[in-house]
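2 protein chains.
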Amino acid sequence: MSAVSMLLHKVLQSGLCRANTRCSSSSVKFEPFARIEPVAPNEHNRLEAAYHKDTSPLKLNLSGEFYRNSDGKPQVFQAVHKAAIGVACDEKLSQEPLPPLGNADFIKAANELILTNSAEALLEKRVLGVQTRSSLDALRVAAQFLREKMKCNVCLLAKPSSETYERIFKQVGFQCHSYQYFSEAKGELNVFGLVADLMTAPEGTVVLLDACAQNPTGLDPSVDEWKLISHIIKCKKMLPLLHLESHGLATGDVVQDAWPVRYFAGCGFDVLCAQSFVKNFSLYNETVGQLMIVLGNPKHLPAVREHLENMLLTEKEQSSSVFASRIVAKILTTTALHQEWTHTIKDIHQRLHKMRTLFAKKLKELKTPGNWDHLSDQKGPYLYTNLKNKHLQQLQARHIYIPSSGRINVGALRTNNVEYLASAINDVLKCKQTDTVDTADLTSAHLHALQHFFNAA
Amino acid sequence: MSAVSMLLHKVLQSGLCRANTRCSSSSVKFEPFARIEPVAPNEHNRLEAAYHKDTSPLKLNLSGEFYRNSDGKPQVFQAVHKAAIGVACDEKLSQEPLPPLGNADFIKAANELILTNSAEALLEKRVLGVQTRSSLDALRVAAQFLREKMKCNVCLLAKPSSETYERIFKQVGFQCHSYQYFSEAKGELNVFGLVADLMTAPEGTVVLLDACAQNPTGLDPSVDEWKLISHIIKCKKMLPLLHLESHGLATGDVVQDAWPVRYFAGCGFDVLCAQSFVKNFSLYNETVGQLMIVLGNPKHLPAVREHLENMLLTEKEQSSSVFASRIVAKILTTTALHQEWTHTIKDIHQRLHKMRTLFAKKLKELKTPGNWDHLSDQKGPYLYTNLKNKHLQQLQARHIYIPSSGRINVGALRTNNVEYLASAINDVLKCKQTDTVDTADLTSAHLHALQHFFNAA
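Here the protein sequences come in this chain order: H and E. Note that the first sequence ends on residue 463 in our numbering; no numbers are left out. Note that the second sequence ends on residue 463 in our numbering; no numbers are left out.
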């Protein structure tokens, strides 16, 4: 035993009281957490805090993403409750880890929900699914895979769209550009700006498109417009990534809402789709989603699967909810539960549609300045007001809380508050007309690219 | 309407058949997924594949982390099954999102499980909890928080320890150094090397320590050794981060296994603890863990909580299992379920202990070369063989599959395979003695630091 070993040995044997006392009395107290500064509140927290502080009975929180029923309460899906009990009682369901890509029953049901179970792509075994925590998590997996394994580095995102999209793509090293989606002047989808921006993007660009109920505008391309978009994506050799977030809540019909994904898949594209089971199952705490990849050619499937498995295995602690995936799979594969679920979806859609229509009607009755015709074209859980910050500030003084995006959670509207909201907006806008500028003008580069493309075709 | 708008309008109206046909026929097929190369299998996959291909009735897979009972089957915790049904049937439990730090009932129960409900730190409200997906996820949250918010940049990890630790810390920008933990020559804990390495680390270093059943060695410091370690950490102003992964499986007693965490907290340290509910609840697919932070001073708590909330909100799609957190909370707060759970833990511990003892006994009977005395000091779900790669290769030829870490999953051992394993190891080691070298020697820098420290004290 060396001298030092013996010294340590002696310390161990003698007990540590003396040394302990000496140490704590002689040195300055070490408080590493003292260096932490208070956090500056973000917009969401500021809005929530202001709303909670507001004592007016008129106060109205229109931010957030959670659907509320006509009593302002969370929606309980009876199908979800029944399926949850069924899953918990089923002793055959194992607590063992799932395969890296997730619950196979869930993935099968999720893919069939989008593609239908007789889809060519499924029969030809060129569809791959990855269970994720949410559709945003599916976008994250897709972005990481496309960046690291496919060496893609440019993506196109709608303007406006969820800020999270950009964060997800930038985090893995993508350059993000935007395509025009909304005409502020006309209050409608800017399909010409969209097409022009697709035309001028480089080959191999990843194009993220909301498949239905675009967030935040609620405006979707028509069938013909989707066909034009897909045509350009194909000719320009871009990779479409569709986000199916409010599946069922755009038209009230899950089959119809997934049509753009089926159309892209039917065109023989390599297409990715990030699918959510959050809003349409009211699974807000135990969330689950899926990344579906439809390959044009089945021979690429084994390598793609291996790379995904490998990527997901190295972050295995980031597992998604098995329980939620089992609930969803049980509902989608049990006729009675499936019917009950689609009825609830229809009910929610009807209430959203009714509130939106009522709101548009009130604004028109009041002859509120601005273009409100296209409010009735909007779909899904959000309503896009296109209101500017100064108006939102003035609305806060009237106890109405809307985030700076100008996006309203339609679920928060009820027959007894829509009128108050419409007249408050009317008051605010009549004080002074909005000075909106249409930013959707086409540049000479767009012009050149478009002429070139259509002359060639 | 501009010339280009009119052009696009015309295309939209005319349908796209002509353009579509032209596009797909004239251009080379775009198959972006064709660029994906096959994945090289990793060690785990190679081992699993070799095991599955092996047709011998003797084949024995000793890799993995999942406990198996004496029939080689997954362990079903009746308390977990009962709690799961209770949770699913409870209509009062909401599907609304949890607060950013997670399920408050779960966090309270998890903290009390470690600290006991009469702990000073809890009464003085200086304990904070964050629900995570697992204890590894808790380590990830801790590492990110310590790096980004506390500006820590050096961490000390045991050698050997889980490779994942290093990946987690490096991912957020830590410099990782190792402290000696195991003496290869003696087959025992190298407490002198450990102490010497702590002494020579810079102030403010984050020290990661397994609180019980160290992974992979299964060797834990004694009470006196823990006291010496904590004394040095305190004097050197380091930040202890304890990993409580196999809680209950080291001694069969959850209170005893968490003693080091209570001791550190009792010393007035700022201490972090990553807690797992995976192995000790057999929740292998719906995993849940917690990061507990005990502050020496309660006045730092609000800022620390705000920073954590902020950090976790920006990655809100990475939610952990609410269902599992509710199962754990229900078991820990329901007397009958709690008792049933602790009995199952004791049963598992007994079986692990029995298998380990039997294995050591067989090796001694066979007079297998090497030091096996300390096998009986090892605790928890793993058994550390310290076997070298060439021996592991030779064992594979005898249908025994052990990963290159030399770590055996004790749960995979049964009375009918321990003897075969021991004699196979005996055969392999008797062919040629292992040429182990003790790498635990102290350097002159160690020597200097130690003499300085103890002369001062």
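Some hints could be false.
Given that identical chains are not distinguished, each listed pair holds provided it fits within a single copy or across any two copies.
[To be verified] Capping the alpha-carbon separation at 20 Å, the derived lysine to aspartate or glutamate pairs in EDC-like fashion look like this:
no., residue 1, residue 2
1, 98, 353
2, 305, 43
3, 165, 312
4, 88, 54
5, 176, 154
6, 370, 383
7, 396, 190
8, 373, 433
FYI, nobody ran anything at the bench for these hints, they're computed from the structure.
Going through the hints against the structure:
With identical chains, the CA atoms of residue 98 and residue 353 are never at most 20 Å apart, being 34 Å at best within one copy and 23 Å at best between copies. When the C-alpha separation of residue 305 and residue 43 is checked against a cutoff of 20 Å, the pair qualifies only between copies, where the shortest distance is 12 Å, while the shortest distance within a copy is 54 Å. In this assembly of identical chains, residue 165 and residue 312 lie within 20 Å of each other by CA distance neither inside one copy nor across copies; the values are 35 Å within and 31 Å between. In this assembly of identical chains, the alpha carbons of residue 88 and residue 54 never lie at most 20 Å apart, being 33 Å within a copy and 38 Å across copies at closest.
In this homomeric assembly, residue 176 and residue 154 come within 20 Å of each other (Cα to Cα) both inside a single copy, at 13 Å, and across copies, at 19 Å. Taking the shortest Cα distances, residue 370 and residue 383 sit within 20 Å of each other inside one copy (15 Å), while across copies they are farther apart (80 Å). With identical chains, the CA atoms of residue 396 and residue 190 are at most 20 Å apart within one copy only, with a shortest distance of 16 Å there and 70 Å across copies. In this assembly of identical chains, residue 373 and residue 433 lie within 20 Å of each other by CA distance solely inside one copy; the values are 11 Å within and 93 Å between copies.
Of the numbered hints stated above, those contradicted by the structure are hints 1, 3 and 4, listed in ascending order.
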